[in-house]
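Enquirer: Residue numbers (the numbering used here), protein chains in the order written: chain D, 1 to 261; chain W, 1 to 261; chain F, 1 to 261; chain P, 1 to 261.
Treat the hints as calculated values from the structure; they're not laboratory data.
We put the beta carbon where it would ideally sit given N, CA and C, even for glycine.
Some hints here could point you the wrong way.
Cross-link-like lysine-lysine pairs, in silico, PhoX-like; alpha carbons within 25 Å at most [stated by the list, open to error]: (1) F:250 / P:73; (2) W:73 / D:250; (3) P:218 / W:218; (4) P:250 / F:73; (5) D:73 / W:250.
Okay, the calculated bits of chain P under chain F, using three or more residues with CB under 8 Å as the criterion [to be verified]: (6) 5-15; (7) 105-113; (8) 123-135; (9) 184-190.
Protein chains: 4
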Amino acid sequence: MPIRTLVWGENIHERTNAAVGAIYPDGMHTQIARLIGADSDISVETAVLQDHEHGLSEERLARTDVLVWWGHKAHGDVSDEIVERVALHVWSGMGLIVLHSGHFSKIFKRIMGSPCALTWREAGERERLWVVNPGHPIARGLPPFFELENEEMYGEPFSVPEPLETVLIGWFQGGEVFRSGLTYRRGAGNIFYFQPGHETYPTYHNETIGQVLRNAAKWAHNPNRYAALLSAPNRPVGEAMEPIEQRGAKLHSSGKDHGFT
Amino acid sequence: MPIRTLVWGENIHERTNAAVGAIYPDGMHTQIARLIGADSDISVETAVLQDHEHGLSEERLARTDVLVWWGHKAHGDVSDEIVERVALHVWSGMGLIVLHSGHFSKIFKRIMGSPCALTWREAGERERLWVVNPGHPIARGLPPFFELENEEMYGEPFSVPEPLETVLIGWFQGGEVFRSGLTYRRGAGNIFYFQPGHETYPTYHNETIGQVLRNAAKWAHNPNRYAALLSAPNRPVGEAMEPIEQRGAKLHSSGKDHGFT
Amino acid sequence: MPIRTLVWGENIHERTNAAVGAIYPDGMHTQIARLIGADSDISVETAVLQDHEHGLSEERLARTDVLVWWGHKAHGDVSDEIVERVALHVWSGMGLIVLHSGHFSKIFKRIMGSPCALTWREAGERERLWVVNPGHPIARGLPPFFELENEEMYGEPFSVPEPLETVLIGWFQGGEVFRSGLTYRRGAGNIFYFQPGHETYPTYHNETIGQVLRNAAKWAHNPNRYAALLSAPNRPVGEAMEPIEQRGAKLHSSGKDHGFT
Amino acid sequence: MPIRTLVWGENIHERTNAAVGAIYPDGMHTQIARLIGADSDISVETAVLQDHEHGLSEERLARTDVLVWWGHKAHGDVSDEIVERVALHVWSGMGLIVLHSGHFSKIFKRIMGSPCALTWREAGERERLWVVNPGHPIARGLPPFFELENEEMYGEPFSVPEPLETVLIGWFQGGEVFRSGLTYRRGAGNIFYFQPGHETYPTYHNETIGQVLRNAAKWAHNPNRYAALLSAPNRPVGEAMEPIEQRGAKLHSSGKDHGFT
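Chain D on its own, in the form it takes in the complex (with noise of 0.2 Å):
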């Protein structure tokens, strides 16, 4: 069965901006899935913050295995009820990739725990990406380095935990740096952060950035869900693996267990 992907797009500036519009004409979320669907080994489908539960009912993300987000200006418009709902779905099992500024997602800050913070220029000038670890499966086929003419620079310090592994760093030629792909896991869910993505520039039609984005949908992928890890259970006295006795005070009831929130 292939893996089941969703790209999530906030879809405002492509239909309100005409240069995102020009280059964009389908949607972003549209474009993106193509990228990500040129592999036959994944499937792809499209969801917008404008549908019915912004496309991410409860049913939905229990058939998505990977999910990929893509937001910019109506981070605040997204559902804080879905935020967690998608949030369970990660910390289960889902994977996620937060395109760009999905940095400052309300999903990405929520599972970072953290700012989530950077600096920023729209200038259009040149991406330098360096791929500092060829041997990771989202490096995987990439050349040692690849260019995008124009991007948004984002610059360092970006206030997100230290990863569990830094893949790609950005080269800016106003002279930043910047951490550009980087791995969590939380919970049993694997997820990517992939800072390239300014809606002004036709970013999604490098064929670099989708085999980045293949590789990152296929290391994401968990084919299964842990709902325990969601649970904080009792494990009665009597049930222990290793006799023991009940010793001391005790101020639970046995059998009731912590509720998660």
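Got chain D sorted already, so can you dock chains W, F and P onto it with the hints?
Expert: Chains W, F and P in isolation, oriented as in the chain D frame:
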């Protein structure tokens, strides 16, 4: 100047449960503060849930180097607004030591971005804590292992992010293991999670526990604050360090910073 | 094409010690190979210390995807030259799974760069292995814990580098704990250390052990090799991606690469 | 007591190359020592390749808290025996700061266990070092970035293990990036790799470089040594912390420790 620690306690069980009150007649926070304050390089104050603003006013956090957190029964009674305030201070550089059942506190779940769940059993069984990273500053002066004759069992999987370093692992008499001492950095804030400390046992009368807490306070202490990690400033083209020209389409008017939330 | 694994065994105890021979009449390497080869996506061969070049010729390593290493008594008899050859293959992308007493093998110490010491006791005591990272590919399909009724105790501190991720932790009947499943990457090579496997107990007849080994082989497999990680090439000024001029004094004549050793 | 640092220099180029001699008339090690010794909490000595035992006798290492290493041309002239001696001290808790071309020194390759390769260009181009982890002790007091008008380019991929933390990343005028400040722990020894420092440029006359080196010395300092991390002691059955009985077959006679090598 000494390291300014603030020990925060929920302060409920010691007043409502006779067994806890007998062990901690002055409150758990008071006894934890005694352990930490036994080092003349560290000054200590306390605050409790019942204080105005839970004793965690903006002004007080601003003069706190390391916050120590013990809570269990009333996580839900902590104000969301104050949790966000604490998180901002941690990200800016205030240290945070989270104790025992604080694994499910709002502040710990907030900055971990993961479920922080585990398994548990309140049987007063023996725990033996092993130092797996003797060279870490938090392990300074510790023996290879130390024992608590009665502790609550906390068992894996502990659904927290992979730590920077694992310092201690606990062995439980009933057959479980637990990563009992874990380090993190979020923004500029150093965070230490330390598992022992169930309220019905005299854990905070143990001198080795005191040594760990004092070491952790010293490790977590950062003399500076880093407000810059919280904002996403624009870097105008004209101020770029290397000469570049504006190219391509542009969404933002120059000089407009991204807000944090 | 299946993943090509090569199981290397010291092949001494099973021929000289009656107890070991009774458990592994065809050699430990043969039984380990049976466990791994039970998955049709994996092909398996074996090699032993007594083979010409220990069965680890350049040609054979070049067609190996993942090398599995079991040694104990005769670490010192492994040729230094062949250890370096194996290291070069690991750094280039060959996976490596190091078993049990292999913690003190030349190849493991070589690529860890640390003492790799631990404490031990050969008492046939019970070990219970806990999955602390259920979402990791090496934990796929495993129960929350599994038991080995007889194992050699290995205790902390295990003086290895902090791993990329801790997957398994062992609980021992006599009171110790051990980080029993650890992942690393060195160059492009994925490395997994797995603690169980003392020769006087039937560990490699345990089906869950087999599941871990097969998962580890799949996780460690990298379809590419990356020879570029071994050399330090000069990038001449005239070929710089951004226009620069030669400035300042110069030590090297252009075009001379740094050698690796 | 101040932190006792020992700056080790190869001490060749400054005597044989006029350009280097003009910048460092007293030797590079002397100038590096001046930068580090500018803090009254740190005492400093120097040693050079040409000294008896390279100035790294057992006795001297035993009274060194942090060793600073600069070498380039003559890595091969450093005695293997002394490299092993230094490694044993690092694993036991001596700090180690490796500078620039020391990436290919025997001691760095020995304790990294990986190729430590990179790309390079000696063009005197501009480097701009970005602090990506402002809250790390090594970044204390640093500006967001600092510039070296002339440095040797070092480019990714740098085939070192994933660090504990990435502190600094370098931007190069010619288009490359490099992880310029990386932290590790091996055994109990704290290790910092710091990329700037080519001998034909006045890098060690830069005050910000001095600040990094002093911060690194303080971070790397561990007041204790941990010889226990080097040996693998047997824990006899009769001394187990929990009552167990000898079971199964046994290979070792009791009480025999595994040797380290």
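Enquirer: Against this structure, judge whether each hint is valid.
Expert: Outcome of the hint check:
no.	hint	verdict
1	F:250 / P:73	holds (13 Å)
2	W:73 / D:250	holds (13 Å)
3	P:218 / W:218	holds (14 Å)
4	P:250 / F:73	holds (13 Å)
5	D:73 / W:250	holds (14 Å)
6	5-15	violated (count 1)
7	105-113	holds (count 4)
8	123-135	holds (count 3)
9	184-190	holds (count 4)
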